[in-house]
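Visitor: What follows is each chain in one-letter form.
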Amino acid sequence: MPNERVDAVIIGSGYGGTIPATRLAEAGMRRVVVLERGVRKETRELEQSDALAYQTAVVDLVVSSQNIAFRTGKLVGGASIAMDGAMFRVPRRSFERRDGAGRRHWPERYTPEAMAPYYQRVEEMFGVRHFPWSEIPKAGGMFAKMLARADASCDRARMNYGDCLQCGFCAQGCIYNKKHTLLHTYIPRAERAGAVFRTGCDVRTIERSGALWTVRYLEGAEAKAIDADIVFVAGGGLHTPALLLRSRAAGLAGLNAHVGEHFNHNGELQFFGVLPEGFDDLDRYKCYAGMDNAGLMTWHWFESDDFTLHPGGGIEPTVFAAAVQSSTDARLPRKAWGMEFKRWVESVYPHRVMGFSSLGLADSHHAVTIKPDGSPDVVSRPRESYDRYLDRLEARVQEVSRASGVAIIPGYPRRYSGMTSAHLLAACRMSERAEDGVVDPFGQVWGQRNLYLCDASAIPYALGVNPALTISAVAERVVDGIINPASRMS
Amino acid sequence: MNTLSKQQRERRRLLQVFSALAAQFVQACGPRAVLSGDAGDHDGDVDASASDSGARHPTGLPTLGGAPDTLVGHAIATLCDTVIPGAHRDPTGAPGAVDAGVPALFFDRALPAAALVGLIRTVLDGVASEVGGRAFSRLTVEQRETALQMALDRLPEAEFAVQLVRLGYYASPVAARHLGYPGPNPGYRDDPDFSFGPDPLAREITTGTDGNFP
Numbered sequence: 004m005p006n007e008r009v010d011a012v013i014i015g016s017g018y019g020g021t022i023p024a025t026r027l028a029e030a031g032m033r034r035v036v037v038l039e040r041g042v043r044k045e046t047r048e049l050e051q052s053d054a055l056a057y058q059t060a061v062v063d064l065v066v067s068s069q070n071i072a073f074r075t076g077k078l079v080g081g082a083s084i085a086m087d088g089a090m091f092r093v094p095r096r097s098f099e100r101r102d103g104a105g106r107r108h109w110p111e112r113y114t115p116e117a118m119a120p121y122y123q124r125v126e127e128m129f130g131v132r133h134f135p136w137s138e139i140p141k142a143g144g145m146f147a148k149m150l151a152r153a154d155a156s157c158d159r160a161r162m163n164y165g166d167c168l169q170c171g172f173c174a175q176g177c178i179y180n181k182k183h184t185l186l187h188t189y190i191p192r193a194e195r196a197g198a199v200f201r202t203g204c205d206v207r208t209i210e211r212s213g214a215l216w217t218v219r220y221l222e223g224a225e226a227k228a229i230d231a232d233i234v235f236v237a238g239g240g241l242h243t244p245a246l247l248l249r250s251r252a253a254g255l256a257g258l259n260a261h262v263g264e265h266f267n268h269n270g271e272l273q274f275f276g277v278l279p280e281g282f283d284d285l286d287r288y289k290c291y292a293g294m295d296n297a298g299l300m301t302w303h304w305f306e307s308d309d310f311t312l313h314p315g316g317g318i319e320p321t322v323f324a325a326a327v328q329s330s331t332d333a334r335l336p337r338k339a340w341g342m343e344f345k346r347w348v349e350s351v352y353p354h355r356v357m358g359f360s361s362l363g364l365a366d367s368h369h370a371v372t373i374k375p376d377g378s379p380d381v382v383s384r385p386r387e388s389y390d391r392y393l394d395r396l397e398a399r400v401q402e403v404s405r406a407s408g409v410a411i412i413p414g415y416p417r418r419y420s421g422m423t424s425a426h427l428l429a430a431c432r433m434s435e436r437a438e439d440g441v442v443d444p445f446g447q448v449w450g451q452r453n454l455y456l457c458d459a460s461a462i463p464y465a466l467g468v469n470p471a472l473t474i475s476a477v478a479e480r481v482v483d484g485i486i487n488p489a490s491r492m493s
Numbered sequence: 622m623n624t625l626s627k628q629q630r631e632r633r634r635l636l637q638v639f640s641a642l643a644a645q646f647v648q649a650c651g652p653r654a655v656l657s658g659d660a661g662d663h664d665g666d667v668d669a670s671a672s673d674s675g676a677r678h679p680t681g682l683p684t685l686g687g688a689p690d691t692l693v694g695h696a697i698a699t700l701c702d703t704v705i706p707g708a709h710r711d712p713t714g715a716p717g718a719v720d721a722g723v724p725a726l727f728f729d730r731a732l733p734a735a736a737l738v739g740l741i742r743t744v745l746d747g748v749a750s751e752v753g754g755r756a757f758s759r760l761t762v763e764q765r766e767t768a769l770q771m772a773l774d775r776l777p778e779a780e781f782a783v784q785l786v787r788l789g790y791y792a793s794p795v796a797a798r799h800l801g802y803p804g805p806n807p808g809y810r811d812d813p814d815f816s817f818g819p820d821p822l823a824r825e826i827t828t829g830t831d832g833n834f835p
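As you go down the protein sequences, you meet chains V and B in turn. So the first sequence is numbered by the working numbering: it starts at 4 and just counts up by one. So the second sequence is numbered by the working numbering: it starts at 622 and just counts up by one.
Hints in this document: simulated from the structure, not taken from any laboratory. Quick caveat: nothing in here was measured; it's all calculated off a predicted structure. You may find that some hints are simply not true.
Only pairs whose alpha carbons sit at most 20 angstroms apart, straight line, appear in this in silico DMTMM-like list of lysine to aspartate or glutamate [to be verified]:
no., chain 1, residue 1, chain 2, residue 2
1, V, Lys148, V, Asp284
2, V, Lys338, B, Asp820
3, V, Lys374, V, Asp63
4, V, Lys338, B, Asp729
5, V, Lys148, V, Asp63
6, V, Lys338, B, Glu778
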């Protein structure tokens with residue numbers, strides 16, 4: 004029986020897959036098929052649940068052989084369903100970042116000016132807005148007050164939330180329909196234009212068949228194959244490189260040695276702090292009340308030290324108590340167990356707990372490989388420059404701690420830094436020259452005609468801000484280059 | 622037949638994921654003599670003194686929190702009570718790990734943690750023999766604390782067992798109630814304590830643009 008034949012196969016339904024699928028279908032391509040590994044959950048099927056059983060139903064917790072867990076989307080709509088909704092444009096400093104040899108990480112055609120129309124397009128699609136202070140929960144307000152005491156600036160975030168009810172369950176998928184995910188925006192348009200989203204389709208390999216591409220996948224236990232003129236690999240930051248590595252092992256020629264290398268979790272480091280007694284009207288502050296991203300971002304150290312910092316809201320007891328470690332700080336428990344620890348947790352939760360997340364222009368210190376069963380693995384590539392990034396981050400945070408009285412709890416040992424990161428960039432990075440990366444500046448895999456890749460893994464380097472908007476804008480630009488070749492000249 | 626409540630299933634899954642992490646951590650540390658504990662079947666490992674009905678349980682605990690009444694069950698239950706002390710010895714009466722049923726999670730055979738209980742007991746009893754000349758579960762509370770600290774000092778990887786207790790306890794409905802964490806909610810937007818209001822609380826440096834950094 005011959006393989007099913009379509010015009011385009013899109014592997015994955017997150018930002019990097021759904022956006023090209025939408026634009027190709029709207030441009031008149033008749034047979035656009037999106038293959039999604041996960042299921043489709045509509046808003047009514049989402050839950051306010053902290054349970055890992057539920058959370059692992061909306062995100063894929065990829066546990067590496069080095070004991071690091073990374074979160075990736077696993078539903079129709081990918082990470083847009085389960086991640087919080089900070090939507091920043093990348094600052095010029097990030098686009099201009101250069102490697103040790105003085106070469107720009109981003110291809111030359113990527114500048115704030117060139118990206119502006121694409122950013123604008125996705126901002127309109129997602130209804131991105133700048134939050135007013137009145138919508139910032141106290142979890143964010145305490146963060147701003149902490150920074151003000153340290154004479155540091157703090158800005159309000161841009162989010163793709165409507166009139167958010169502030170329940171604190173953003174990462175579980177918004178049950179109140181207030182987050183403008185792909186299911187609220189692009190996917191209905193794609194479907195109206197004829198694109199088909201198939202769930203439960205686990206793509207194993209891709210291979211060339213003459214002028215076409217053959218995509219081999221499992222639907223349940225059944226092995227299937229589909230042929231297409233054009234293929235987008237959009238499995239996200241871990242599954243995209245894994246698919247290319249599996250395909251290479253199965254015989255796909257011409258993929259270079261950069262596949263899986265340069266994996267970058269965006270300098271993400273999560274940790275907690277404890278407000279000093281008498282900081283403000285602490286009794287009326289509850290760390291669990293309000294959206295997960297508490298709506299603020301400080302750029303204060305971005306130019307000097309390469310990192311941004313944002314607060315966390317919606318903090319439940321488990322994530323906080325599990326992060327506490329023994330400490331020599333007199334404000335923190337000497338050890339993270341026993342009666343003293345139990346009393347201490349009672350004394351700080353929920354009125355004094357703060358959550359933090361840093362993002363930054365940090366070098367890669369991991370690579371994506373595949374385990375013997377072909378699933379993605381993440382292995383260390385220790386790099387001194389990454390340690391220096393952490394040194395700077397820690398030094399600045401300690402300065403804030405001294406100035407504000409907020410005691411900082413080191414989240415995890417440094418060797419775990421990035422544990423549970425959700426910013427999974429650069430493992431198939433875009434590059435100006437074929438010898439430096441996996442994808443060309445137009446989103447086509449170097450040397451692989453009509454094989455495109457414009458998801459998180461194509462982002463060449465850390466961004467220092469949440470990547471969703473930039474992944475989306477790059478995807479818009481790549482697909483624009485296919486639909487309107489003239490746009491490639493810009 | 623599935624007799625577990627949804628909540629029990631969810632907690633089981635939580636432990637499954639985190640004990641998988643912990644197990645991999647142990648494996649990544651490579652072979653060590655101290656980690657050569659028996660991870661096999663402990664069902665026949667019954668402590669005769671425990672069947673002495675009416676007497677105070679030899680562990681000193683009012684309940685084993687779902688752990689089996691075996692020597693390894695005693696080790697795990699007393700470890701849990703050392704990490705998060707139970708109501709029976711807390712002057713405030715606040716519930717702890719045995720009250721929240723954390724020990725049972727270590728013996729759920731669907732969880733990877735079940736394969737580690739023998740190893741945990743071996744480590745604990747090893748330090749306990751130095752501290753008090755007897756099994757960990759037969760030490761006094763103070764001796765258990767000394768022994769656990771000694772285990773953590775010598776073998777930082779033993780932290781995973783402490784971490785499992787913390788996770789098991791603080792993820793429990795017992796702890797949520799005790800700490801005042803409400804969980805699912807209709808949103809706090811209209812709560813008068815939700816925000817500090819419309820005035821800026823810190824200096825903004827992107828004002829005049831749109832929240833993006835240039």
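Visitor: Next step is simple, just say for each hint if it's right about the structure.
Guide: Right, here's what the structure says about each hint:
Distance restraint check for Lys148(V) and Asp284(V): the Cα-Cα separation of roughly 12 angstroms lies within the 20 angstroms cut-off, and the hinted pair is therefore satisfied. A distance of roughly 40 angstroms separates the Cα atoms of Lys338(V) and Asp820(B); the hinted pair therefore is violated under the 20 angstroms criterion. Distance hint between Lys374(V) and Asp63(V) is fulfilled; the C-alpha atoms sit about 16 angstroms from each other, no more than 20 angstroms. Our distance criterion of 20 angstroms between C-alpha atoms is broken by Lys338(V) and Asp729(B), whose separation comes to about 28 angstroms.
Restraint check: the Cα-Cα separation between Lys148(V) and Asp63(V) comes to about 35 angstroms, which exceeds 20 angstroms; the hinted pair is violated. Pair hint Lys338(V) plus Glu778(B) holds up; C-alpha atoms about 15 angstroms apart against a cutoff of 20 angstroms.
Hints 2, 4, 5 from the list above are not met by this structure, while the remaining hints are.
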